[in-house]
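Using the hints provided, position chain B with the ligands relative to the given structure of chain A.
Going line by line, the protein sequences match chains A and B.
The numbering used here numbers the first residue of the first sequence as 20 and each following residue consecutively.
The numbering used here numbers the first residue of the second sequence as 640 and each following residue consecutively.
Derived by calculation from the structure, the hints in this document are not laboratory data.
Some clues are possibly wrong.
[Claimed, not checked] In the DSS-like style, the derived pairs of lysine-lysine whose C-alpha atoms are separated by at most 30 Å in a straight line are: (1) A:56 x B:709; (2) A:106 x B:942; (3) B:830 x A:213; (4) A:217 x B:785; (5) B:835 x A:106; (6) B:830 x A:100.
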Amino acid sequence: MENQELDAIEQISHYPIPPDNGEADTRHVLTMLARDKTGTLARVIGLFSARNYNVDSLSADNIDVERGISCITITTRGTNKVIEQIKRQLERLIDIHCVIDVSNSKDRVIRELALIKIRAKGQARLEALTIANSFRAHVVDGADDTFIIEISGAPRKIRTLISLLKPLGLAGVVKTGTAGMINSSYSPFEEILKQEEKS
Amino acid sequence: MANKKMLNGAEILLQSLKDCGVDTIFGYPGGAVLPIYDAIYNDEHFKHILVRHEQGAAHAAEGYARSTGKLGVILVTSGPGVTNAITGLTDALLDSVPVLCISGQVPTALIGTDAFQEADATGLTRSCTKHNYLVKDVNEVEETVKQGIQIATTGRPGPVLIDFPKDIQLAKTEYNDSKKSYIPSYHPKAKPDLDKIQQAIDLMENAVKPVFYTGGGIINSGAKASKTLVELVKATGFPITNTLLGLGAYPGEDEQFLGMLGMHGTYEANMAMHGCDVLINIGARFDDRVTGRIEAFAPFAKKIHIDIDQTSIDKNIAVDIGIIGDAAEILLEMKKIWDKKSIKSQDKKLKPWWDQINTWREKDSLGYIQDNEDIKPQYAIDRLYQKIKEKDFYITTEVGQHQMWAAQYIKFPTPHRFMTSGGLGTMGYGLPAAVGVQVAHPDSLVIDVAGEASIQMTMQEISTAVQYNLPLKVFIINNKWMGMVRQWQELNHGCRYSESYSDALPDFVKLAEAYGAKGLRAEKLSELDGVIDEMIAHKGPVIVDILVTKQENCFPMIPSGAAHNEMILNEDPIPETSEEGLAKV
Ligand SMILES: Cc1ncc(C[n+]2csc(CCOP(=O)(O)OP(=O)(O)O)c2C)c(N)n1
Ligand SMILES: [Mg+2]
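Only chain A is shown next, with the shape it has when bound in the complex (with noise of 0.2 Å):
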């Protein structure tokens, strides 16, 4: 919307409009340790979209069944300011232990896994079949005319080679959404189980 726009609505509206800083949005990695319990997901998302933030991806999973600990990562965009409200609110769920922002480490490693199915015969299905090898995708299942291969890495090459596939006779696709995690020294799961251990 036109600035005059914006100001004459909140002439109106009887609320501030936040400025806009003109900061452009960035994409980020947030990877959650949680209590593993009922409804937390729920919340999490609920979190998201009662405060009009974003999720590009999601996934989460039990990581220590027997403490009852899961791990939820979600990739958002944002302002900075945007992002550090986020972890923010997160950090504030009862049932979240913490949140690490993947994206702001440089030794961090980022990957997705995929399974992409083709449907392709002869010539289209030999090409298809080169270009998953010069990605170290391999192939997991095949049939008479479609075959399913496995891909795990880092998200741009997956969508590099997902629209190389294409044209060949993409099927299917299925992505576990991001994990994300940073070679540091310091370990938050160790630190909760630290803290389990004291009380």
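Relative to chain A, chain B with the ligands alone:
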């Protein structure tokens, strides 16, 4: 097994509440909570207040909690019971009130089958509670209740809901009597950063135009916080303003108090906010009703923000020093450092600032003219205050102009005296809240300052007051308009008064009598004092209908899209009501 008694889930719930110090419950029965009601029937310990609507239960619990600093507890049935309570839970979330809601649920095996009176209570309340639970095993009841209470009452307080299926209420187990509830991922009390406190004091020491801006966080933090705040304000000699929810944390009649700030705050409070060089926010959240236009908010100030909730800091307004922690703890630390530094009297340095503030005060922004026999609403509230100020009084309000006038004209000497719906702005809050306040303080004077429109939203709770002989007073400022809506339509929508006039109103005096309460009315100025006296003197519940001038606006006011220094005052010209505007009234 041998020496421990087996209890059912309902009994375990009551025992756990008892262990946590709960003795009062506001509730309404229904099929899915009958086992709990059955357990209460035999229990001498609990005082159960039967409300007339579950929204009323929630607001009553809020009133109880806010006037005591303790937890408020409500008990409602499944389905419509819990959906009716949702407005009150949301209200408690926005105003940080510790409330525990126990809701009945259909038996576990029927959850998800659209059973009779089934509603997804945890789903519905996920975004209006601080936390919620669905209990799936009778062995979890005790722990869940104790955790729920811990969550509701610690850190930034808020509502917690526990959804309790009927089969679990009936299943039996032993009571463990566990003393501590531990939630590994919940850390409500951050240790404040001492370096930042030191930096804050340095800023304050060098300030020439400082102002304290404090909110409900002081009151929630407890008596020590208010006491230390007063000491610090006195030691520094700084001026102080309070938010709507913070009123009473600092004595309202004190010289250093500038009154409330924000949209309908005093001229001096808002001008001080605009002109200050150091702003010390403690336990307030830079709410949009307070900030006005964001770019123009306190443009010359270094900003210090102290809050127990990390999400409040830098959310609406970027600050220079943000300190996360409990207000009382941080205030004590600030006071200690201030004293230790033996900072010499600031009086001389602050004199020009106080001189400036006093010229703003001379504007008398709360002034009004009561010139004939028609009662001005401001005058009615002012008179009410004059008559109660020496008494032990508590005020609740509904929402609208009367609410703002109550906040402007009634001065609160101590915290916990003023209960109003700030964040959600819930019409219908005041009467049930007054029920809760009066239950907690049976011998005090409890008054709901109401509007004729708001009161009709939860009117039926007067019946609760009659049943329990709660001598609360409903003081209706009757202008026949949804006055606040009319005011905005006048100022922002070309005087087109769309649907803001109540062409039919009940006779509030007869209504009071129909409920078994006392009804009084003042139509002329000469009747006002007598009616207020009679209201105060009457030992039971009273509804008072004060007919006031109909078109009064609430001033001063920060208009939409404006800054603190662009307030409109009472004397400023306002547009005439057009023929077109009134055509449909
Ligand atoms: C439940 C609810 N519905 C609507 C509103 C919007 N609203 C705010 S003030 C107001 C008018 C209140 O009228 P009244 O109670 O007579 O108070 P007055 O402003 O006249 O003093 C309305 C409709 C609200 N705050 N709450
Ligand atoms: Mg009205």
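List in ascending order the numbers of the hints, as given earlier, that are violated by the structure. Violated hints: none at all, because every hint is consistent with the structure.
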